[in-house]
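Engineer: Sequence:
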Amino acid sequence: MATTAAAQLGGSGEVDIKFHCAFNFPAVASILGAADWLKLSAAFELLHNDTYWKIRRSFAYSLHELARILGQGITETQLATAFDGYLHDVQDVRLGAMLHFADFLENVSPSFRESYLPVLTEFDSFDKTTKWRFREVLSGQLAQLCHTFTPGATFAVINPLVFKLITDPVAVVREQSYHACPLLVARLNSNATWLTAIVDKFVTLARSTHYQDRQCFVKICASFLLTKEPQEVSEKDAVLACAARDFFSSQLAAVFFTLALDPVSNVRLVFAETAVEHQQLCREHPACPDALREILSTAPSIDTDTFAAILSRRVKECSNGLTKEDAKVQDKETEQASVTSSDADEESEGCPEASSRPVRVTEVIPEEKEINGEVFEALIPAEDTTTATFASLSGSPRVALPVESRKGMMHRASLEGSTSKADSDEVSPIGEPSSSSSAITMEDPPPSSKANRDVSRSPHTDTATKPTAAAEDPLPKMHSRDC
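Residue numbering for the sequence shown follows UniProt numbering, beginning at 1 and increasing consecutively.
To be clear, the hints were calculated from the coordinates, so they are not data collected in a lab. Careful: at least some of the hints might be erroneous.
Stated by the list, open to error - Taking lysine-lysine pairs in the BS3-like style, the calculated list, with each CA pair at most 27 Å apart, reads:
#  : residue 1 : residue 2
1  : Lys54     : Lys39
2  : Lys219    : Lys236
3  : Lys164    : Lys219
4  : Lys219    : Lys201
5  : Lys131    : Lys164
6  : Lys18     : Lys54
7  : Lys131    : Lys219
8  : Lys18     : Lys39
9  : Lys236    : Lys131
10 : Lys164    : Lys201
11 : Lys164    : Lys54
12 : Lys316    : Lys201
Stated by the list, open to error - What follows is a set of in silico ranges between Cβ atoms, one per label pair, in the way DEER data are often shown:
#  : residue 1 : residue 2 : range
13 : Gly33     : Thr209    : 55 to 63 Å
14 : Asp92     : Leu38     : 38 to 46 Å
15 : Asp246    : Thr121    : 31 to 39 Å
16 : Tyr211    : Lys131    : 22 to 30 Å
For every residue, glycine included, the Cβ atom is placed at its ideal position computed from N, Cα and C.
Use the sequences and the hints to build the structure in full.
Structural biologist: Following this line, the structure appears as structure tokens:
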């Protein structure tokens, strides 16, 4: 027998004996009691400090039972020393001590419990995914820890620990932590400031952009509504359950009903489970939407899947309605933009400055393509003082020139082509009064003669008679480079 046990433990026969002594130590202590603890004290000191980890692990899993048997005095003087060492031992030994952490603290004085608050802070630092089992073990004891410490210590240490575990990335840890929320509120209900801080944290979860936080809020609300069978509930538990329901109705219900049409199906499914389980409370609450109250009233025996499907259809209808409204708004904006652009085009067409102001290029018709008797017209704004009207002279190339260029060229042509002072006097600069009938003026309207109708229809030109030879001579000598 001993050989088989020693082989399983991986040690010698002496190790086998020590392991069995450690395993059966609580039973012997329960028989002798606290009065005969001195007979077992030496053996306890020898065994709990053994170098073999399996012997220490056996004590780690049963130390809370020894504390219950021996009482507060012996627990604080001797057992607490071994318990502190196990909390920082190898993983298997530490897991046994953490599994009954709250049970061990219930057997010491309240002042002595405060010394273990830093240990809980160390547990709060277990962020590695590989250590999620440590967090699961601790989350299962949150309900006990909420009433183990004083209210001040509970708000300072247990409150952050609870919110860390209910938002843990591992689902098993979260599920184990929700039950502690009603007990935490009941413990801190005496202080309005603490209670307000807790409610704000709950609402922050409900308004989070991550669906997992909103789903967590719905499950927290479900923990406040959780009820047990009447025969399983004591008077104290009944009072706590009533207080939890009142807290939900006054602080959380309004936010809870806003998640009925959450865009994520996971959140709606959890909401449907809670609403179906507590139909009467949801129907009677004033914050319950009329549509939700109508569904729960018309189908009191509705199941979770059917109710979740109804909520999904409502979400699709709402999203389609919003899409149609957005399309209408976009159509209105497009119509307004088109009307604005058409008005701008009409204004630009009616504005004389935007019509043909940029046209300043002169056009020279080659000599071999002379066209006698035709009119060359151009649309020039009246207010543009840099460009004069185009003149059309029969029997010569037609040139459209600015006023200033035509002045200089006509003057130069008159000097080259004239043989007498009389010929040069016949050509006068445009814009100056002249007695010659071939002078070009920009102010006087054209006379109603047949010659003028054949020459030009522009209101800015005036050629009363046939141009003289002095006026015709300079133009054939002009070239495009003179322009």
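Engineer: Can you list which hints this structure breaks, lowest number first?
Structural biologist: 9, 11, 12 and 14
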